[in-house]
Amino acid sequence: MTGNFPEETNGRPSLARRARPFEAAIRGLLFVSAAISVLTTIGIVLTLGTESWGFFREVGVLEFLGSLEWQPVIGDFGIWPLFNATLTTSFYAMLVALPVGLMVAIYLAEYASDRVRETLKPVLEVLAGIPTVVYGYFALATVTPFLRSLLGTELVGVYNTFSAGLVMGILILPLVSSMCEDALSAVPRSLREGAYAMGATKLEVATQVVVPAAFSGLAAAFILGLSRAVGETMIVALAAGAGPKFTLNPFEPAETMTGHIVRISGGDISYDSIDYRSLFAIALVLFLVTLALNILSRRIVAKHWEVYE
Amino acid sequence: MNAGKFRAATGARGDGSFLPNLGKRQAAGRRWAAAFAAATIAAVLVLGALVASIVNDAFGLVAMEYTVDPATLAPGGDIEKLSDAELVAALEGNLKSRRLRALGNEKPLAERERADLLALVEDEVIKWEVVETFSLAESLLGRAEVDAFVAAEHPQAKLVFRSWVNARYLSASQSATAIDAGVRSALIGTLMTILITVATAFPIGIAAAIWLEEYAKDDKWNRFIRVNIYNLAGVPSIIYGMLGLAIFVRALEPVTSGAAFGAAADPTGANGRTILSAGLTLALLVLPVIIINAQEAFRAVPRTLRESGYAVGATKWQVVWHHVLPAAFDRVLTGTIVAVSRAIGETAPLVVVGASTFLTQDPTSVFSKFTTLPIQIYQWTARPQEDFHNIAAAAILVLLVLMLSLNAFAIILRNRLRAKKRFA
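Those sequence lines, one after another, are chains A and B.
Under this note's numbering, think of the first position of the first sequence as 1, with each following residue one higher.
Under this note's numbering, think of the first position of the second sequence as 1001, with each following residue one higher.
Next up, chain A with everything else stripped away, as it sits in the complex (with noise of 0.2 Å):
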């Protein structure tokens, strides 16, 4: 750029062209910040991958990712019981956030007045905005006793993972319902005027050609949910239950992947043990499991973007 310049103007050198070691180094500090964040992601990647190498050193891949046991104390190491716990929160909570989380965000973008929107948004934020171990104590203080004063306490335990996944549901629902409202309301306005001009109802508009029209926004709003899901500790470490348990019965208490790492390394636990280094194989597979889930729903929504931008 500089080189458009002339070496000098009215005889005095170009300041154009003047060495500025000051605008240098803001610079490089600059880059060196927006640096950080790839070597945090470097550093997960390392710490994660290091100590997750010298666990399956001793335990073996195989085993980790094969047995239906994890029992540190006889050395059993399969990841089964904690992954299936965390599963079936998922689940439950998927299965309260996504109908709930596209009604919500159909009645906002199709239905409501702008008034009624203005009002309810800020409502779902402050949602949104509750720490999630307020949640945690929800769960386990007001949602699973009423449960079991509803279901029968011979059924529903005390800990169990239905009333951990309603509430992450809960917790998700104010993501989906306003990812999938921003995806609805991509929708092009002419798409609707053409429903409506051939005669269609608004529930056939709304649910016929605006969600169809929205579906990889929709689906992204899923996905990143249900990453949000098996990434959630403090309510399923409240709620869920303590220890690992292969079990497909919602009503009884396991222990999630996420619930799993927060009970171990909140207790006494010594450094370079395998119990430590368990945690981090753990940590490794949750890491993967979320950044796969994440990448996907970015995917989806460029693609999503692309078509109506």
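One or more hints might be untrue.
[To be verified] No farther apart than 25 Å at their CA atoms in a straight line, the calculated lysine-lysine pairs in the DSS-like style are these:
{"no.": "1", "chain 1": "B", "residue 1": "1158", "chain 2": "A", "residue 2": "303"}
{"no.": "2", "chain 1": "B", "residue 1": "1081", "chain 2": "B", "residue 2": "1158"}
{"no.": "3", "chain 1": "A", "residue 1": "121", "chain 2": "A", "residue 2": "202"}
{"no.": "4", "chain 1": "B", "residue 1": "1096", "chain 2": "B", "residue 2": "1107"}
{"no.": "5", "chain 1": "B", "residue 1": "1107", "chain 2": "B", "residue 2": "1081"}
{"no.": "6", "chain 1": "B", "residue 1": "1127", "chain 2": "B", "residue 2": "1107"}
{"no.": "7", "chain 1": "B", "residue 1": "1127", "chain 2": "B", "residue 2": "1096"}
{"no.": "8", "chain 1": "A", "residue 1": "303", "chain 2": "B", "residue 2": "1220"}
{"no.": "9", "chain 1": "B", "residue 1": "1024", "chain 2": "A", "residue 2": "202"}
Hints are computed from structural coordinates only; laboratory data are not their basis.
Computed from a predicted structure; not experimentally measured.
Please arrange chain B on chain A, whose structure you already have, making use of the hints.
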């Protein structure tokens, strides 16, 4: 949608008549419209239920038993009315001589402050003990049943209405009994941790956003940095805890424990599990969110503002520092405060980094052991006793008030800055 499909879906005839199914279709429309609205109302009600359940547990009747009846010490049992001399007399009359001597060795009773004496009388003479707690709903709506229950089960007990959030709760430290426990060290821990988080994440986040929005060319490296930041924003917070444990607590222990500065080894033996480690871990956690928010803020600054700066001969940094940054600062600040209020509520990464489970001393420096409000909520909620749930609910109220006031502060600050600004 083609016409055939539409006809099949709606039942319209080829002759253009929609009438045969119209009533049905409209009824379905009304039903579903009601369902959509109901779902939305349900979501709002859930928020109400959440708040209600916390308030319900943070206030209510408590049945307490005592070792010495306060009515024997003061008329009506109100020891607040006693004079200092009477308080000392109450202590001398009821405590064992060995305990009296121990107290006197610490500090003679006569020289002690009134608040200290009151606390001593409550803790050592009367010895309140919670035998049963009731929720706010039970206390207000079912007072008769509560009275009957207490009369039958704990005839000795005295029923008092208690706000679990109170002055003593805010100023007391952790304790083994719920009624004596407070959130002071947790509150101080939260504030100190967040201060470190803001002090590191804010400048770095802004600098990174300036780089990406103002300086970076759209090349491979910068695209990689961008994608990377988005992916980091989606990493579960507990993973950041693992990172903090491996990097700050273990690898950088000499720095985070303070040993490297000679300031050194906290007498409580925190090792790397310090406020500094916690604050830095949270800083890494909120950094992507701060960067993304700040980027949006810079993007909203009109291009003309930059061009006019260049037109009068400003260098790039002069344009950024004197024009872009002030113009975007209100948004940057709001975005940062939103991110920080998220960090205040984070629990999982701090458990992993090694929050103390039972801390009775206030943190003295950034190299002290730590606990924070969310950690206290977690630990108290995890206890089976009812009264610990009460103080957990009280801690939640304190946390929510803290977060709300931070957000309110953000809004006020933003409006102030906006009013000063000459352009949108």
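Let me make sure I understand: some of the numbered hints might not hold for this structure. Which ones are they, in numerical order? Hint 1 alone not satisfied by this model.
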